[in-house]
Each structure stands twice: as structure tokens, then as C-alpha cells.
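There are 2 protein chains.
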Amino acid sequence: MEVFRDINSLGKYLSAHKCEGRSVGLVPTMGALHQGHVSLLEQALQENDVVVSTIYVNPKQFNNLEDLRKYPRQLEADLSILRAAGCQAVFVPSDADMYPEEPVLSLQFGDMDRILEGEFRPGHFNGVALIVSKLFNAVQPDRAYFGQKDLQQFLIIRKLVRDLGFSIELRCVEIFREESGLALSSRNQRLSGEGRQTAAYIYQMLQMAAARLSDGDPWEGVRADGLDFLSGNGVQPEYFEAVDAETLVRQTNHFSGKKVALCVAAYVESVRLIDNLILGGS
Amino acid sequence: MEVFRDINSLGKYLSAHKCEGRSVGLVPTMGALHQGHVSLLEQALQENDVVVSTIYVNPKQFNNLEDLRKYPRQLEADLSILRAAGCQAVFVPSDADMYPEEPVLSLQFGDMDRILEGEFRPGHFNGVALIVSKLFNAVQPDRAYFGQKDLQQFLIIRKLVRDLGFSIELRCVEIFREESGLALSSRNQRLSGEGRQTAAYIYQMLQMAAARLSDGDPWEGVRADGLDFLSGNGVQPEYFEAVDAETLVRQTNHFSGKKVALCVAAYVESVRLIDNLILGGS
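Protein chains in written order, with this note's numbering: chain A, 1 to 282; chain B, 1 to 282.
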């Protein structure tokens, strides 16, 4: 596996592959890799000749300095995981590479970045859109892979790609869960064993809500009970919303026939976790 | 000269050239080509193996529907001019190619897009940044050429390129003027013979202001006299400002040692014209 630390050498390596007619898949990460990332890599390896992963903890998408400081960093372990998965190249840029000067540009996505994460993490999606654009321009891949756990991020990046005309196919890879149902996340490393058990109530709640909605129960009651269920089990919910799974428009009722995502953010042991479940449609 | 009307065939043409090691220059235009555009093309032809021009009247950068409607369109004449100049390829996209769906993304540049044109043409630079990003992604050139007449546009695009990490070198090509000093503009076509003479007062005013500033006259008096000079000669000024020629920060005095741009927008026969003159620095 080739490890690149500057854009120019990465660019030369990729140009050579592209001019030989090889397709390139991109799996951008912030490191602290887990089986969820590996599932993105596996799909990328199936669909492309060359897979490039990137490892960069992007400061501009952290609205909370404490969260940025505590974000797990384990480069050597990450490189071993990428190597074992069969990844051909990894790009590990420096801050100076990614932000040679302070950005002035702000990327705003109307209602899409004001709801859910956007409401509680101001500036987060601007930071995501900036770094993803930079990585797209550095790699110019044929396909790029993102996890469904960050559904809102995926939908916003899809709009970024369409609105700026990046010629990149996006793939949304389904959530990888522990046996308990807990969605894999780099932030899970910060939970105790007990915290991990508590965190599993988040997905339990999503499943219970989905079952009741499919029985025809109205959303407002399902939502209130879901929030109570979390609080009663030691999970501090931040939001629990139903949104259109394509447009992110908040839904209040009459879900039938539409693809609707139930999205939740909650704290366990001061660690902020998110999860979602898509109903109907596909 | 090859004429492309869809992105895919343009992409294939360019990939072949790039993989042969040829450099690509981009000259984006809205058509209605004049000698100013030709000077961009000439520089692009000197510095690149292949030059692609684009012709597209971008509706999203017009805040005034009347201005969009009256914007001159003359595709056959434009193609002849490009052919004569030696341009190798031209891309003439349709609206459906450039805007397959309504954009949600808004690109904002802080104070840079709130001053000068940004103050009087709300949304203009968002529209410019959208279309330029789309053209950059469609062509992926080594170099792109813009005219100094739209100085604020050039500086905003330069920031766009830096903040999103497009690997494109930008060139700012100096203003091409008629003998009278009038800056060439596609909008000049809409002026009568007399209007064209009147419009020449704009550059006269800029030169007079520059001379007085170099004599040490304070900016406020120079500015007031410049505005009076225009009004007294049948030109309706919209703004006349001095800004830092790199950052676009408004200057009020003490220009010495800095590159300062005097920027003016004014109406002649209801046609909106802009011009600028850069002092010091370079």
C-alpha cells in the first residue's frame, strides 16, 4: 500500500492509473477505523480498480473543541487496517496541505443544513463540504463512498456534487452494527463497557418506533415515547426526528409511500452518538 | 475547431489530450465575444497545448431579468471569432447540462461578495461561483483565464479555487480598451455611437483620480469630484470605491505602498458598465 503525504505525489500516482484506464474509488475517513469503514472499503474494492482512502481529522467540521481534542487518533493501527483490507493507496495530508490559508468561502445548503445535525452543530456541514471538495479535487475519483450512519452528510454531499458538477458517483453504504445493534462509530472507543450497553438502547428505540409506525401509530406519540424510552434508560437524547430520506424535509405525519428516515442524536457518558433507520420506499 | 455540446464527449476529448501530456487552458465566456476575449485566448494559446473556450449565458448570475434578456447572443459570430483566434475546442452547454436540477447550495465569500458588485447585484457572485465550479469540473484545466475588467470576480474565483482546492492556475488578463479608453464589454453593443463616447468618460475619470491620488490628494475629495465629473458628463454612477486589490477591503486613505484598485460602476443609456484601475504595488 502506498502512503502519500502530499497532494502532488498522490496526483501523479493517480494520473498514471487513470491514463491506463483504471477506475478510482475514494473512501474518505477521519481515521480511528473500524469495521464500518472496512465495509466501505470492501464495496469500493469490488467496484474500482484502485481504492484510495484518506485519513484526516478535519478541524473545520468540529464545532466543539473538546470533541476535536478527544477525537481518537491511531495512524499506525489505521494503516494496518487499510493494508489488511487491500486498500492500494492512502492519503494522509497535513493541515498546511488542506488549509494553506484561512477559508473565506462558506457553503450553505438552505434547509438541508439547518435541520438535525445542522441545528446542533453550527458550521459542521460547511466544514464537511469544504474538506470533501478539497479531497474530491485532490483525488478526482470515479466513485466515492460514505456511510449511511451520517445520512444527512451523505445527502448534503450528494447535493454538493450535483450543484458544483463534480463528475463523481456517490455510494451510501449501510450502517454496520455490533450484535447489540449499536452503530459502529469511532466515538464508541470513548464509552465504557457499561456505556456501550446503554448506547445499544438507541437502536432498540429506532426499531420500536419503526414497528409502531408500521402499525399506523401517529408520529407525535411515537416520537414522545421514543424520547422517554431513551431518557429512562440513561441515554440523553438531543433530537429524534422523522425526515424525508432524500430531501431531509421534516415529516410530521402521513409517512406512507415515502422513504422516511428516523434520525436520532443522543449522549451516553458525555459522548455524542447518532443513528438512523430508513423506512419504506426502497 | 471542435464544438462540444455535452459534457461527456468534451471529457473524452480532454482525457485523451491530458493522457498524452498536453496542458489545457480554459477561457470561460458568456459569448458576444470581442477583442478583450481574444486577448484572453491569445494568452491561453501561448501558455497551453490545448485551449477550450466555453460559451454559456449563465442565468444564475443575473440578478436583473431585463439584463439577462437583453444580453447579446450571437453564437455563429462567436464560433468564427474563436476559430480565427486558433482556439482548439469550444463547449456550448445547454441549461439542462449546467443545471440538471435547481441548486440548493449557496457559495458565500464573507466581505468579499458584499462590497462593490456584491452590494448592487445580490446573488451575482453565488451564480458566478456555481457556474465557474461546474466549468472547472467539466474541463479540469491546468490554467483558466479571466479578465481584469471583472476584478472582483477574479479575486472571488481565486478564493474559490484556494478554498475548494481546485488544482488550477488562474490568470488575470489586463483590460482591453478602445482608443477612447472605454473598456471593451459585450454590453457596449447596446450603446449608441453617442453613448459610446459618453461611456469613455468613465476611464477618463479613473485616470484623473489616479493622477490626483499620486499627487497626494486625499481620497474623499477625489472620490466626490470623480462622481461629480461622471454625473456632469451624462454618466450615472452607481459606485466609485477604492479597495485593496488583493483582499477587496475598502480603503479610505493612506494608499501608499499598497496595491489599490479604483472600481466604478455606472449607467450610460440604461446600460450598466464597470471599469477599474490598479494603482501602486506591482
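FYI, nobody ran anything at the bench for these hints, they're computed from the structure. One thing to keep in mind: the hints can contain errors.
The following label-pair restraints were derived from C-beta to C-beta distances [what the hints assert, rightly or not]: (1) B:D244 <-> A:N64: 52 to 62 Å; (2) B:P100 <-> A:V3: 53 to 63 Å; (3) B:S23 <-> A:H17: 53 to 63 Å; (4) B:E2 <-> A:E169: 19 to 29 Å; (5) B:C19 <-> A:E76: 35 to 45 Å.
We put the CB at the ideal spot given by N, CA and C, even for glycine.
Right, here's what the structure says about each hint:
1. B:D244 <-> A:N64: 52 to 62 Å: The hint (52 to 62 Å, Cβ to Cβ) is violated, given that B:D244 and A:N64 are roughly 34 Å apart.
2. B:P100 <-> A:V3: 53 to 63 Å: Cβ of B:P100 to Cβ of A:V3: about 37 Å, so the range 53 to 63 Å is violated.
3. B:S23 <-> A:H17: 53 to 63 Å: violated (20 Å)
4. B:E2 <-> A:E169: 19 to 29 Å: holds (26 Å)
5. B:C19 <-> A:E76: 35 to 45 Å: Cβ of B:C19 to Cβ of A:E76: about 36 Å, so the range 35 to 45 Å holds.
The structure does not agree with the numbered hints 1, 2 and 3 stated previously, though it agrees with the rest.
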